[in-house]
Amino acid sequence: DGGITQSPKYLFRKEGQNVTLSCEQNLNHDAMYWYRQDPGQGLRLIYYSQIVNDFQKGDIAEGYSVSREKKESFPLTVTSAQKNPTAFYLCASKRRSTEAFFGQGTRLTVV
Amino acid sequence: GESVGLHLPTLSVQEGDNSIINCAYSNSASDYFIWYKQESGKGPQFIIDIRSNMDKRQGQRVTVLLNKTVKHLSLQIAATQPGDSAVYFCAVPNSGGGADGLTFGKGTHLIIQP
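These protein sequences, in sequence, are chains A and B.
In case it helps, the working numbering puts the first sequence at residues 1 to 111.
In case it helps, the working numbering puts the second sequence at residues 112 to 225.
In short, the hints are calculated from the structure, not lab data.
There could be a bad hint or two in this list.
As the list claims (entries may be wrong) - As a list, the in silico DSS-like pairs of lysine-lysine whose alpha-carbon atoms are at most 27 Å apart: (1) K9/A / K167/B; (2) K153/B / K70/A; (3) K182/B / K167/B; (4) K217/B / K9/A; (5) K71/A / K153/B; (6) K14/A / K153/B; (7) K182/B / K83/A.
All figures in this text were calculated on a predicted structure; none of them were measured in a lab.
Just chain B, with the same shape it has in the complex:
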């Protein structure tokens, strides 16, 4: 089955700096990738997604990069703010369209230093 891994359980950055959170996946046939943000005691919140026919996708202050060759994706957050402090998960659908659920990485806890 699919497995998803994160490189760092915790990332500490200074307020205003850029953050990069990494994720690796195992199934080369995966065609859809999602990043979620989870604040303490709350459910995950969708941030951004990317399909395998793209290498890069930008949102508001966030960019996701996909490298299919090495099965790696990253989430870049520009000019981090205190409100960005949360756990970030990448997720991959278990099958086409994700009808049978998502596989999540263990998450990276982003800590913003004042």
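Bound conformation, chain A alone:
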């Protein structure tokens, strides 16, 4: 089945560690996105990529990094520079002028 797969579902990070969240899609979508969701809040855009080997900062990019080496994959690294990384992270993809499709999310917790 076509869709977006995020892994892992739960992730624990120690202080000062970098962690990478995986996002893979087989929908043949050009554009991919990372959003952050805090409790009781809407989604905020971290990074997005409209095409392979190109990506742009969203509203809250500080402390995060991404790569887009393949059309299907858009991994997000949460670096030690992100001071409050505990959140629910959502990956999405879309075709032009259509709705975005979301993965099931990764819940990151700092321990």
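Since the structure of chain A is provided, determine the placement of chain B on it from the hints.
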């Protein structure tokens, strides 16, 4: 930039009643609007969308109404069921086609009372 707001963080309705969830947007040039449903611990799921050349669009038990004059849209759910219990978000593309992402409202938590 675009901003999107919801009028009520929580809405409680009786099972079988109709629900109306409201949303306001700021950019009068916005031409595409989307409603998402998010169940606890899951990613948002597309419900219905509407383009600015329409005032109303109907799906299965859901209707979206768009009032461009006051920059307001609403999601109506008919005969709510326990499975409708979720957080509902409206979203607006950041630019033409939404290539640079969506702006989301904070969401309305719909609670279905038995």
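Now for the hints, and whether the structure bears them out:
1. Annotation: proposed proximity of K9/A to K167/B is violated, straight-line Cα distance about 37 Å (limit 27 Å).
2. Pair hint K153/B plus K70/A holds up; C-alpha atoms about 25 Å apart against a cutoff of 27 Å.
3. For a cut-off of 27 Å, the pair hint linking K182/B to K167/B stands: about 14 Å separates their Cα positions.
4. For the suggested pair K217/B and K9/A, the alpha carbons sit about 23 Å apart, so the restraint of at most 27 Å is met.
5. Between K71/A and K153/B the CA atoms are separated by roughly 24 Å; this keeps the pair inside 27 Å, and the hint holds.
6. Of the pairs offered as hints, the one joining K14/A and K153/B holds, with about 24 Å between alpha carbons and a cut-off of 27 Å not exceeded.
7. In summary, the hint linking K182/B to K83/A is not supported, as the alpha carbons are separated by about 36 Å, beyond the 27 Å threshold.
Checked against the numbered hints above, the structure breaks hints 1 and 7 and satisfies the rest.
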